[in-house]
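As numbered in UniProt numbering, residues 1 to 557 make up the sequence shown, in order.
It is worth saying that the hints were derived from the structure and are not from the lab.
Be aware that a few hints might be false.
[Unchecked claim] Simulated DEER-style distance windows between Cβ atoms:
| id | residue 1 | residue 2 | range |
| --- | --- | --- | --- |
| 1 | 93 | 157 | 54 to 64 Å |
| 2 | 157 | 415 | 48 to 58 Å |
| 3 | 26 | 1 | 11 to 21 Å |
| 4 | 136 | 84 | 35 to 45 Å |
| 5 | 157 | 494 | 31 to 41 Å |
[Stated by the list, open to error] In the DSS-like style, the derived pairs of lysine-lysine whose C-alpha atoms are separated by at most 27 Å in a straight line are:
| id | residue 1 | residue 2 |
| --- | --- | --- |
| 6 | 213 | 398 |
| 7 | 8 | 119 |
| 8 | 171 | 430 |
| 9 | 69 | 15 |
| 10 | 471 | 458 |
| 11 | 114 | 8 |
| 12 | 183 | 479 |
From the three backbone atoms N, C-alpha and C, an ideal C-beta is built for every residue, glycine too.
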Amino acid sequence: MNKLYIKKLHLKGFKSYLEATELTFKSNTLIEGDNAQGKTSIGEAITWAFLGTDLTGNERASNRLMNDKAKVTEVIVEFDFNEEDHILIRRKKGSTNEIYLDDEKVTNAELAKKFYEGKEVFLTIFNPYYFPSLTPKNAKEVLTGIMKEVNKEECLNELGDFLKDKLIKNKFLLNSVTFLKDKRAELKELEEDNIYLEGIIDGQTKIDIPEIKTFDDTELNRLKEELERHQEVPDDKDLKSLEQELNKLNIELIAIPYEKPQLVNIKYLEAERTNLLNEYRDYKRQYDDLGTKTITCNSCGNEIDINELERERLAKIMQSIIEKGKRKAAEIEKGKEDNHKLELEYSEQVNGYRLENTKKINEVKVKIETLKAKQEEENKTIETKKQELKSTIEELEKQKNEVLAFNMNVESLQRQQFEILGKIKESKDKLQNNNLKIKEINLLIDGAKQFNSIKLKKQTEFIGNYLNKVKLQFEKLTKDGEIKDDFKITYKGREFNILSNAERIKAGLEISNLVMNVLNLRLPIFIDNAESITDIPEINTQLIISAVVKGKKLEVC
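Could you build all of it, start to finish, from the sequences and the hints given here?
Written out as structure tokens, the structure is:
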């Protein structure tokens, strides 16, 4: 059994404990004092040191626990765990939080793993008020995570070897929760299948099958051969040649044989002119910004503008840029005229070429239409003969198809008769097999129901060993023998949310004792407002009891 025992507590800057305070604890420590003396703060300090939360588990409560006047909040816990001494320090300065165990920096998760399993376990044991304050859903999650699973092997052994082997072979242990539901679904499916199979057996009747018919297709084949001979007039070679010529002319019409003229790049010249303009504006801005700057000559006493030379230099540069701009403008204008002339010459060449090609195309089209008209007339004569042959062939095909359809129906009836006999045999075999499966499933259902009954009994007995007036139920046995989730927790038959303060403390202590025994873990228990109860149950762990005594200063003894 793992055991954690608190020896001393050092507080500084924690709630009302602004100055450094040292408290010593015994196996049963009594904290007495009037209201607002810092009794509850002692329990909160221990909780904060181990978890970084208040007594309710609120991780955002750190600011509430800090003393507003303190620069640093620090709680030190001297304790032993399984008779090995440890020192735990939690310190908060501004937004910085630090945890040290025996001078080594640690995390909350590392503390939990080493000493108390997890936050929910610590709060459930240490603070008897914590568990009764949880919603039923959260309370169930806490206990479900703590409770040990009933040993399924022990439950199976009580069934006897025959039922045990049957359940194991059917993978009962892999899905014991849904096993009964699944097997009842299988049973229902088999029973419904049996009704269906019996209907198949009773509903099959013998079929009357007529004789096969024959069809003589000699005349039909002769007419098809004649139709094959009356094909359309073969393709005219002249027509094909003309169509190829037309295709060639169309391609030539698209593919212009003249290269486009190389035009002067006007955009490039205009960009150069723009650059000259921008350059001129820069120098003009420098020129305008010079202003007048005079000095007096030491020799003659006259005033001299020292910027005059710079203005003259800038004026010459600007004049040079203006002349370049005029030349560039003339170059642009000439380029545009040359481009227009080249484009006009190219357009006249292309239009002349296209006009000549279009004329040739039209001449070829006329020849093609003439040949097509002649070929169409010949095809009409052939088509008339073909239609007469097709009409006769269709009638004979219809007669042939009717015979084929009749014979196919006869063959289908023969297959149906064969299938009926096969279905009757198959249904009888499956019916017999289903009955064997039903017998086996009923046996498995009975075994699973017995297993669930044994499991629920063991679970109830185990929980009852550590509870007195608290009643705890995770599951119930339905009338069908299934185990169903049914979480209930009461104290003297009453739900936790309507208990008095004293009853909540006693109920919480029973839960603390249950959790400690289930986990083989002894943690201190902090009982706040202990004046609410006249007697505290004996629990084999360290107790820190806080009670209000009117007019008394804080005393820890």
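Cross-check of the supplied hints:
1. 93 / 157: 54 to 64 Å: 60 Å, holds
2. 157 / 415: 48 to 58 Å: 57 Å, holds
3. 26 / 1: 11 to 21 Å: Once the Cβ atoms are compared, 20 Å apart, the range 11 to 21 Å for residue 1 and residue 26 holds.
4. 136 / 84: 35 to 45 Å: The hint (35 to 45 Å, Cβ to Cβ) holds, given that residue 136 and residue 84 are roughly 39 Å apart.
5. 157 / 494: 31 to 41 Å: 38 Å, holds
6. 213 / 398: With a Cα-Cα distance of about 15 Å, the restraint between residue 213 and residue 398 holds, given a limit of 27 Å.
7. 8 / 119: Distance of about 22 Å is within 27 Å: holds.
8. 171 / 430: Holds, at roughly 24 Å.
9. 69 / 15: Between residue 69 and residue 15 the Cα gap is close to 10 Å, so the pair holds against 27 Å.
10. 471 / 458: The given pair, whose Cα atoms are some 15 Å apart, holds under the 27 Å limit.
11. 114 / 8: 20 Å, holds
12. 183 / 479: At roughly 16 Å apart (the allowed maximum being 27 Å), residue 479 and residue 183 satisfy the hint.
Of the numbered hints stated above, none is contradicted by the structure.
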